[in-house]
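So the protein sequences, as listed, match chains V and Z. Numbering (this note's numbering) for the first sequence: 622 to 1186. Numbering (this note's numbering) for the second sequence: 1082 to 1332.
Possibly wrong hints are sitting among the right ones.
Within a straight-line C-alpha distance of at most 27 Å, the following computed DSSO-like cross-link-like pairs (lysine-lysine) qualify [to be verified]:
id: 1; chain 1: V; residue 1: K948; chain 2: Z; residue 2: K1278
id: 2; chain 1: Z; residue 1: K1308; chain 2: Z; residue 2: K1083
id: 3; chain 1: Z; residue 1: K1276; chain 2: Z; residue 2: K1137
id: 4; chain 1: V; residue 1: K1016; chain 2: Z; residue 2: K1083
No lab work stands behind these hints, which were simulated from the structure alone. Please read all numbers here as calculations on a predicted model, not as lab measurements.
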Amino acid sequence: MMMMMMMMMQRLRRSEEFIRFGCKSLINLRPNKNSVSRSVSGFVNHYDTKGRLFESKNGNHYNTELHHRCLGRNLGMLQQYKCFGSSSASQIERNPLFSSLDSKDVSYFKEILGDKNVVEDEERLETANTDWMKKYKGSSKLMLLPKNTEEVSQILKYCDSRCLAVVPQGGNTGLVGGSVPVFDEVIINVGLMNKVLAFDEVSGVLVCEAGCILENLATFLDTKGFIMPLDLGAKGSCHIGGNVSTNAGGLRLIRYGSLHGTVLGLEAVTANGNVLDMLGTLRKDNTGYDLKHLFIGSEGSLGIVTKVSILTQPKLSSVNLAFIACKDYLSCQKILVEAKRNLGEILSAFEFLDNNSMDLVLNHLDGVRNPVSSTENFYILIETTGSDETNDREKLEAFLLKSLEKGLVSDGVIAQDINQASSFWRIREGITEALQKAGAVYKYDLSLPVEEIYNIVNDLRGRLGDLANVMGYGHLGDGNLHLNISAADYNDKLIGLIEPYVYEWTSKHRGSISAEHGLGVMKANEIFYSKSPETVAIMASIKKLLDPKGILNPYKVLPHTLFSH
Amino acid sequence: MKILVAVKRVVDYAVKIRVKPDKTGVDTQNVKMSMNPFCEIALEEALRIKEAGFAKEVVAVSIGPSQCVDTLRTGLAMGADRGIHVETNTSFLPLTIAKILKSLAEVENPGLIFLGKQAIDDDCNQTGQMVAALLGWPQATFASKVVLDKDKHIATVDREVDGGLETLCVDLPAVITTDLRLNQPRYASLPNIMKAKSKPIKKMTVQDLKVDVKSDIEILEVTEPPKRKSGVMVSSVDELIEKLRNEAHVV
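If we strip away everything but chain V, and leave its shape as in the complex, we get (with noise of 0.2 Å):
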């Protein structure tokens, strides 16, 4: 372990205009644009012609050169299967110290599982190798799906012992690829692990399982009178898991802030089988080093997640939901720090969009209308929740009234009942959704100074011309900015216009290149654009300390040649 330290550290002294993150010299190293190893980061850019890692693989149609993706396995495969010109995810090689899958092992599994619970269907796995935006597909053979931690610790013991991958699975609406298979990773789905497990009604402490969906969580704490403390669009499908495991942001951090605060405790299992508990339900807890936070966001690189205990929020009756138009960005800042002045306490959401996005999903969706009368530049979504309904709704209103007198605000509305506050979030909630049906997207989630946020998206407009449609929306109230670009097709010469200009742009802001989506496979290599070698050398020893062999969630999250074999 010494040994591979000593030559990481090497390597990084070697190449010492890296050391400095977020700075020109990243910029300088920017690749040849004709090369064929379309590394994104200069440093893995740099480190490819020394070292000569990255060779091209065939053998493996896991986005490597433009034209070879698409064919092979996916002749004949029914299902449309977008190929993306995302350089970031290229040059991947199968690490040769997996073993591969053998029946052995298969009979292993279905001893301990049950033979029901072993999934070699080619039509399960066809799915379930697949991300959500159908980005990214891996070759996986197996999947295993553990009714309870105990069969997930045998499960990785074995798994550890005979060196065999695996991927931890939530509800695989993970959006950088972090939940499916590279290759041909044993897929562990935690899916059939869904009950709750206990609910505390006076602290607002929930225990449950790993394989819970966010959705039936929040269905089950509505009939007690609480709330989760995080929403997204994905909750119909995604985990509390996985929410954990990506530290998922949401529409309500701005009120309830990340999950690193509202979690209290978790139980996860290593990469050898060992059982960590650590599912307090305690608020307060200060003894010791606190191990979850290291679960929280590592994205199963570090253990499966299988309980987690979480603060829930009393569900507050007076919510109020106002739809509101402006002419520019600078007024949508202004209104975020008026709105956190005079709103305070009660404000819960506030979320942005960009024409370009309310046209998207007006053109896409069914049964969606423009609440406001007026096209604007900007709309915004502002959510108050509070005690008094009274109170709460004469606020707002004076809030909105006085923005609309000050030139702030050129129109609003404000939804009068529960239907009209569902579709007004239809619209925010949709665009993704809008997206995917649009066409080809590249997707980036980036942390901004609020006062950036937009400048991002009306440069690579510049940029980018008509070639294709640049969309910015997002957690305005976070300084978190989903930029979006929607063309009719993926294409190498787009893809080579927005990467690493993206991240180039957010590291010289010192900025996050993911705010809220992880790393999963399409950034592993970009960590440096936001974090020094030094915070990302101590990262890899951490992993190499929980998983030695480095089975958990392979080729993900930190930088490949961390891991060079």
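Given the coordinates of chain V, work out where chain Z should sit on it, guided by the hints.
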């Protein structure tokens, strides 16, 4: 012409309701209340008629506790000109409401009375019909299309009936109750919310209207419907046939 629109404050359509433990009714504590969706449609239609120039004034009326003012405010924010709140803490049944509306109509003299076809809390579907009968006016219920002829003082209404659509012609003044497909209600816009603040809401009592509110109906008990039993998974076609034959007796 003046249009009178009756709007009811009910539990919001999207809320999952629960029956009170003492079985006297539905639990409305801490539950979101809104304007009855069919009443929204009725108000929307009245506003469109006014915007088309066929009416001068749209008056919204609500009967119930003090919070009904919120519902009237929504109506004013949509565009109604003024509101009338008949304040009472008793929950009245359709006949009493109809009597109150009849008295109001005799005071206000509207050319049209619009109501939602039914309220989503009691699903009675009676008030509109009773108002028309008490006033001796023609009625067109379940309206899915309303066309006015100003000169001839008639309204042509398409009604949604079980067999399809029925078109009626009614002389004004008339009572029309609205169905789902009549229109899509507008949202309350900020400029209109601002204007609504200065629109008057007149408070009245049942005594003012000289209405006898004694009801000859007493609600004995409210219970939830029996829970749906979960289905049974069968493992083979044979087992399915066996169950259909011996347990369900349908084969």
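Each hint, compared with the structure:
no.	hint	in the structure
1	V:K948 / Z:K1278	holds, 26 Å
2	Z:K1308 / Z:K1083	violated, 47 Å
3	Z:K1276 / Z:K1137	holds, 17 Å
4	V:K1016 / Z:K1083	violated, 34 Å
Hints 2, 4 from the earlier list are contradicted by this structure; the remaining hints agree with it.
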